[in-house]
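Let chain P serve as the given structure and place chain Z on it in line with the hints.
Okay, here's what each chain looks like letter by letter:
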Amino acid sequence: MPDRQALPGEMCREAAAARLAAGLAQAPTGLILLTAGGVVDFANVAFETALGASGLTGRRLTAVAPHLFDPDGTPISGGTPAVTWSRQADGGFLGICDAARPAPAMRMPDRDPLTGFLSAQGLTEALGALSQTAPETPGDVAAIYLDLDYFQRAVETLGPDGGDTLLRRVAARLRPVIRAGDLAARLGHDEFVLALYTDGGRDGPAEIALRLCEMLARPFLVNGHQILIGASVGLALRSQSTGTAGDVIRLAKIAMEDGRRTARGQIRWYESAMSEALRERRFIENGLRRALLLDEFEVFYQPQFDFAQDTITGFEALIRWRHSERGLISPVTFIPIAEEMALLPAIGAWVLRAACTEAASWAGNLTIAVNVSPIQFEMADFVAVVEHALKRSGLAPGRLELELTEAGLLRHEASTVARMNALRALGVRLALDDFGTGYASLNYLRQFPFDKIKMDQSFVRGPTADVDTMRIVQAVAQLGQSFGMTVLAEGVETRGQLEDVRARGCDSVQGYLFSKPMPAHKVKAFIAHFSSAHRPAGPIVTGSEPS
Amino acid sequence: MSLPEGRLLRAVYFSRNCIDLPLAEMRPAIDDILRTSQRNNARVGVTGALIFTGNAFGQVLEGPIEQVEEIFDRIQGDPRHCDVTVLDICEVTERSFTGWAMGYVGFDQAEDDPFRDFDPTVLRSQTPAAVELCDLLCGLAQRSELRNGTA
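Protein chains in written order, with the numbering used here: chain P, 10 to 556; chain Z, 1005 to 1155.
Same shape as in the complex, but just chain P (with noise of 0.2 Å):
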């Protein structure tokens, strides 16, 4: 080359030495030389793609790759990425990665275009290469798992350029907190991965989680809005899973998504309890969406007893779960899972009409008290379904008693009042359910026309049962005569219970006293039992109780 040879020899060293750099940056071969002090003075990209780690120049190699070195810091030939390291004349190291497998380490890791943190692709693929070192490494990978709170809120302020404008500057406020060789990924929408080395302690990856979590909680403007939003985070250790990286990340997800059902804006640690929890729930889950079609729900009667007329008057529905392998499954353990999973409603509505339908079979008056969740409450439909229930099972109106509680009632009270009233148009009866556990405020019970107050079993039973509740029984029931409402006392199970709510004015009962909730086949029988067993002077006075 003529200009070459133009060029004093000065000039043209460095023109070669600076191709030399540049050939060495792009080479197939994993390269990096360290000073003395064990500081990066060059790594190349096939060395920094190896390793998994990204901007080495100027840091410390044993604080980004701590396993490469023996515990007096000299580095190590072999381990993962396989490094040959020569000592240099300057008492630094030139490392040469085993180019063994250069395809795939010569793969640039996917991103996600919005915040430059690795995609869910490129996260499985970077952690791939991280749980290649696992066997070599003293210590732990750590996964913090991280979901931005309220986000969804803050789209519908926003719009969604406005949203992905508040997740860049997410990625901006995570971005100094992350140090060199954590792997950083967006996964989903609002979900951010963090994967990095710990030696094994979990006080270092809290402290970065914790920080994680103070950065997101702090006020963001975006479009001249303030944005709050924040973080609910979940970890998980290396050592906690099967081993593959892919899965400390489930683990510390699922610890997010523990956390975030109690407490947002918390961190918490994925512990093993929390997959059998989990592990439930999708059980009750997947069969939930079964049952109804399997027609798994059944449901039980409980009697519930007048004083004035000093018989049966009626029954509460009760829903259970006959799950084919499980049996019978508490509603307390299903009903919270399918209200998320908005089935209350479907749900709702089959017991209304397998209530009416029962009980329209029954002789007499009897009544049949139904539970509505507010969820079913608000449902626009609510009135058309009790409707086609009553027109259905051919019940009288005037049987069917529904009970309400009082959050169903909190959420909307003009609308709440008007359905109220087009049900009792219906000529159906409405009862005020659980009343005690909530606000129990008295205001209630004059801004909405119930017929009954159901008061809850906590004022009967238990601890609290003393002189003071007494009180506070007698004044509910007298303030319910006031309004014209019936007053019936839950969760009797004991003749003095009886006989103190029966003399604190109570008009009705219901309770173990009487019966457990019983299958519908037994309701006839007992029906029957307690009407001939029952005289003035029936099982309450003699102390025989029915079965």
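Bear in mind the hints are in silico, worked out from the structure with no lab data behind them. Virtual Cβ for every residue (Gly too), placed ideally from N, Cα, C. Watch out, some of these pointers could steer you wrong.
Claimed, not checked - Covered, in the sense of this in silico footprint (three residues per stretch, anywhere, with C-beta under 8 Å from a C-beta of chain P), are these stretches of chain Z:
# : stretch
1 : 1067–1078
2 : 1087–1093
Stated by the list, open to error - Derived, one-sided and incomplete: chain P residues facing chain Z with beta-carbon distance under 7 Å:
# : residue
3 : Arg182
4 : Pro185
5 : Arg188
6 : Pro228
7 : Gln235
8 : Ile238
The following block gives chain Z in isolation, referenced to the frame of chain P:
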């Protein structure tokens, strides 16, 4: 700033000092904060002022919306403070701190400074808090301009 400006945003906030140093040794840290923010702000046309009281920082940022938000966010990421509370964020028609990339009012100024013990955190409960902090910073900024003969 004689150029015609577009929409201007003003953000007023305070935060708690997290620098673990005795008050007497804080000045270099504050200088560092000021140097950085003056450099960053000047580059993107953001002006404002910082007040430091020993336990808290109060700050006003004003300028083009996007730039103010980015500067704000950069500051949020700073571990030297915490408990950030935004007092006000609104559009303004003109700047209050023209010529101040980041003015400073601090505890170590003149002995007679009547605001030495000022604690912006007490503003939390007051509705016109932002205006108050902003006015206060403006006032103090002018006083210190007079005293130092600088702008």
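In ascending order, which of the hints set out earlier in this document are inconsistent with the structure?
5, 8
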